[in-house]
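Residue numbers (the UniProt record's numbering), protein chains in the order written: chain A, 1 to 472; chain B, 1 to 472.
Quick caveat, the hints were computed from the structure, so don't treat them as lab data.
Result set (DSBU-like, lysine-lysine): computed pairs, CA atoms no more than 30 Å apart in a straight line:
{"#": "1", "chain 1": "B", "residue 1": "K23", "chain 2": "B", "residue 2": "K61"}
{"#": "2", "chain 1": "B", "residue 1": "K444", "chain 2": "A", "residue 2": "K61"}
{"#": "3", "chain 1": "B", "residue 1": "K444", "chain 2": "B", "residue 2": "K408"}
{"#": "4", "chain 1": "B", "residue 1": "K61", "chain 2": "A", "residue 2": "K444"}
{"#": "5", "chain 1": "A", "residue 1": "K61", "chain 2": "A", "residue 2": "K23"}
{"#": "6", "chain 1": "A", "residue 1": "K444", "chain 2": "A", "residue 2": "K408"}
{"#": "7", "chain 1": "B", "residue 1": "K444", "chain 2": "A", "residue 2": "K444"}
Predicted model, so just to flag it, every value in this text is computed and none were measured.
One-letter residues, chain by chain:
Number of protein chains: 2
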Amino acid sequence: MLNPVTPTFTGHLRNLLPAAAFKDDSAAYLQEPRDRWTGQGLVVAPANTQEVAALVRACAKARVGVVPYAGGTGLVGGQIMGEGPAPVVLSLERMNRIRDVYPMENVLVCDAGVILADIQRAAEEIDRLFPLSLGSEGSARIGGLLSTNAGGVNVLRYGNARALCLGLEVVRPDGSIWHGLSRLRKDNTGYDLRHLMIGAEGTLGIITGAALKLSPQPFATGAAMLAVPSPAAALDLLALAGAQMGDTISAFEIIHRQGFDFLAEVGPEVRMPFADIPEWCVLIDVGLPAGLSPDAALEALFVAGHEKGLVSDGVIAQSVAQRQAFWHIRESIPIANRRIGSVSSHDISVPLSVIPDFIARGNAALADIGPFRINCFGHLGDGNLHYNVFPMPGRTRDDHEEQRGQIKQTVHDLVHALGGSVSAEHGVGRLKVDDLENYGDPAKLAMLRAVKDALDPLGIMNPGAVLRQRSE
Amino acid sequence: MLNPVTPTFTGHLRNLLPAAAFKDDSAAYLQEPRDRWTGQGLVVAPANTQEVAALVRACAKARVGVVPYAGGTGLVGGQIMGEGPAPVVLSLERMNRIRDVYPMENVLVCDAGVILADIQRAAEEIDRLFPLSLGSEGSARIGGLLSTNAGGVNVLRYGNARALCLGLEVVRPDGSIWHGLSRLRKDNTGYDLRHLMIGAEGTLGIITGAALKLSPQPFATGAAMLAVPSPAAALDLLALAGAQMGDTISAFEIIHRQGFDFLAEVGPEVRMPFADIPEWCVLIDVGLPAGLSPDAALEALFVAGHEKGLVSDGVIAQSVAQRQAFWHIRESIPIANRRIGSVSSHDISVPLSVIPDFIARGNAALADIGPFRINCFGHLGDGNLHYNVFPMPGRTRDDHEEQRGQIKQTVHDLVHALGGSVSAEHGVGRLKVDDLENYGDPAKLAMLRAVKDALDPLGIMNPGAVLRQRSE
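All chains should be modelled from the sequences, with the hints used to inform the complete structure.
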């Protein structure tokens, strides 16, 4: 059993760490982006790895839980522990130093608390690209992004967060430090602990530093929004784009008309790319080497796609501003979604070829439950859809409180039956612990538990996230 | 303590599995490619995953070690257990079925015993690329390639073996089966067990099947061999190539003149690309999207490199045959090496920017030990060099038996001091267990041991590989 933070323990920590590590008002740390939970605990913000180690050592000794907190943008409650003995909430916000850049190696080494947008800028300054990109990049911190193996819009080309990390520095649950900040591209000396820590959501240790892999900047970039007759046509268009442009396609996003309708209804204000909004469209983004023109490449895709009946209408960005405007639409859809207020949101992935089947069967199954508005959009190129269910106009999510469980289970059962994942890029956190237990392969679950118990025998690291806290 | 295979146990296995699973002559399975060890044990070749599971269950019950054997091409003794109680050698050779291909998804699912070249061909048949490529591709099997996280010549662009795998099927040390053959690009439901198994060298379970990620075929490919004045110039040329061609560079290999001299001395016969062999040259391979010409791109690189003093001479392949001839040279060097017979071979990686320093300091330190021929070549773009030490003409490796330990330690100490890895792509096996203990970060070693003990509590899986067998 864990112990709660007590005034005595707090006093002990105040002796251990400088006063600057303690926050006066910690309310913001205990709120969840979608207001689903309220957290608890003592917020402490160490300034460096040694302070993190000292803090964790103290928690281990007192058997107090530690909840790592990076940007606070997670959507599955990994950073919010609402129940159980009050933990220490360990904020990384003061660990925001870019430690080194190695332009020749395409490597950047930084503290875990650096905000993603700051890393992107630091890479740009040396004419490199850090390709991780997602809606919350202005506040999400790299330690959290790695701990949740974040996805975003460039996974198709550059991979998810784990593909962009060469090395880690980690404070283990006993307070010892793993100095794994390797800048090597290849290192086959033992099990890959880096990949074990990435995506572990802070349950095996706390990432305090990372060596990140940068890429060359594409010589020229471009984007197009293309209206497609169906999700199946969108997939055929993706294959056609692959045949024509190889792996220069950075992003291939699908957007249902519902997203545009929500934007028109509640904002943010966007410039509509089509006079008549199609039921489905895709946003394709390309980054090309020298000698190729994005306009010409996208035009060629449009023409070939049109001939094959895969594209009915389209706009190719004529300027950087127009490309940004397209992406502004895409990034505004989650904001509109929150303003409408979903009954249930699903971050799912399925094998690419079954996407049309998933959408058709999902829509039909939900129609059997009742009338809803479904906003289906996301990273088609990765097989990752955000399949979110909203009330009809004039109703609110609260009106459907009792149907939420059924909706979620209907969608997740279908995803599971189709060989998919009920958490494609957001992680398990505390929201999907039941799902992992329900849908997880038994051998997998046994291995997860064995690894957790082996690396965090006291169970103090982010208690109750990913795996249920063991009762003793 | 483990038990040896006994006649009684063999009889039990013969009742459990069909006769076809037992080999008449098993000598070939017990030899190591460089003749450094001789193995022992009962060779069993199950036909499918269920038979693997039954075999492992029986071994677990009897506490008999299991040594997985794929293509037998490993260079660190991972597939050869020369000491300790005689194990079962579990050969994957009969599990050689390509189970499914999914062209739209760029996925191929196969048994773990399929030979790499057969996977490459199957991908080609559907106009896709499986980019893993290395010298032993005609005999290496995918289960072994994944278990050792193999590298090869295309890592720069496509990543190592782990980057090419979406899902795994694994028989665990208790004989249970993890059904993890996911075709998903994104799945954040719990710790990444796939990456834990990849590179674990069969010490945590046996990979029996894999879902592999294919890529679009490049529209056009090309290659050039360029003479460079130094390793530092080669690195500058790599950066220049990145600026000009983005991530369309598939391979960037460095070759020292010693390799050409060995080829001239002992073969295999190759056509020399230069009239005067330079001290250093690079082999660059590119795969371009439609609209770009490899010839023009490589010519532009040559011109720009020449202007900057980074390239002194060069040949751009004028045909598929010439490109293949370049690669024939590269792939023949390890064969020549074996014919000469190295005193000590080192598969090392260092951060890219310290490569020139490593070569200079390594050469100087070895000169202090005695006169040797050093053949330094390999995957410069990955910071991965094969830095191999050979006797002077007229002498043999046996003449230097007593210096081998000192040479190895000198090289490995330097690699470690420079932040590198003493096993970049070959793995730890049994050859480098000491190195891992000597150079490994203590927190890392503690985690490796904890994971091993948690997932293989009886210690039957590939005993003594990666980690020393525990005495009890």
